Amino acid sequence: MNQIYRIKQHLSSAIATTLLLAVFMMPQTTFADNLKCTVLDICYCVTPKFEKEITANVKKVREQLKKHREKGEFVAYISIPLTSQGGGDNTLDQEVSESIYNELMKKYGKGFWALAPGVKGGPRLPDAATDGDWMYMWTQILAGENGLGEDFDAVFFTGPESFLSHMGASGNNVIEQLRKFAKNRATQLTTTHELMFPKFNKKISQQGAMREFIDNYAFRSSVAFSEGCHDEWNIFHAINRNRLANKKYGIIKQLPVFFDGKAVAPSAYATPISAGAQNVCSPL
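Here the sequence shown is numbered in the numbering used here, starting from 315 and rising by one per residue.
Check the hints yourself; a few may be wrong.
Said to hold, decoys possible - Distance condition first, Cα-Cα at most 27 Å in a straight line; then the derived BS3-like pairs of lysine-lysine:
hint: 1; residue 1: K562; residue 2: K373
hint: 2; residue 1: K424; residue 2: K434
hint: 3; residue 1: K434; residue 2: K420
hint: 4; residue 1: K366; residue 2: K350
hint: 5; residue 1: K434; residue 2: K517
Claimed, not checked - Restraint-style ranges between C-beta atoms, simulated for each label pair:
hint: 6; residue 1: D445; residue 2: D529; range: 20 to 30 Å
hint: 7; residue 1: G386; residue 2: N560; range: 39 to 49 Å
hint: 8; residue 1: L503; residue 2: C351; range: 29 to 39 Å
hint: 9; residue 1: K497; residue 2: G386; range: 39 to 49 Å
Read the hints as simulated data drawn from the structure, not as lab findings.
Quantities reported herein were computed from a predicted structural model and do not represent experimental measurements.
Every residue gets a Cβ at the ideal spot worked out from N, C-alpha and C, and that includes glycine.
Just need the whole structure built from these sequences, with the hints factored in.
Now the structure itself:
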């Protein structure tokens, strides 16, 4: 019996050693191989197969920004959460993004233009793109070639009032107004009597979905609850930090930061916040 036990023990040890050697002999892809850093020293885990598309988007948007700058226009960026998680609806968020864009264009008038994610014609990546892919792209666009955000004159971070206003839920009785908005949207028809928002109808009809929808848009429809927007806050914090240290810019030429339509105090925009996709890598 002892001999049989020793044989089994020897075989187990040999198998374990063989497997271990096989693992070490396999081609290794480390997380660092996929970590791409920007001029702001902010890094993201990037999917290699999307790098060409990211580079092409960055080039395209920079050229677009350059044209507006050459016209002498003031250029702003709109930071807004676009998600279908946690009771959110991506299509609705894109509508709000476009609504904010139109409001700012109307408010500032001729000589002003805003870059807004989600607006038709904006940069796109494949559905399989990760948060790291998206943020690697946006960081390059926002930071510019020198990390000074030289293509922008201001940044507007979206708060709950912009969402509520778009849904007609400003003022009092917000919860009931949001409930009414969701029900109307779920049953809204096109001219051919087909549902205009079938995906929204299917989602909102699920158990607990209405509560999640109201919870999101009554209290959480803000950059405060978006990982991507957290990263964008840190991007502009880094830009202003660089401007502060640059003689050409200094304090007087730091980028103005707005939240929910109001100017943010210097103590706020001079402070970084918790990151989203920054420096986060997982196996591909």
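Inset, instruction - Just pull the numbers of the violated hints for me, sorted ascending. - result: Failing hints, ascending: 7 and 8.
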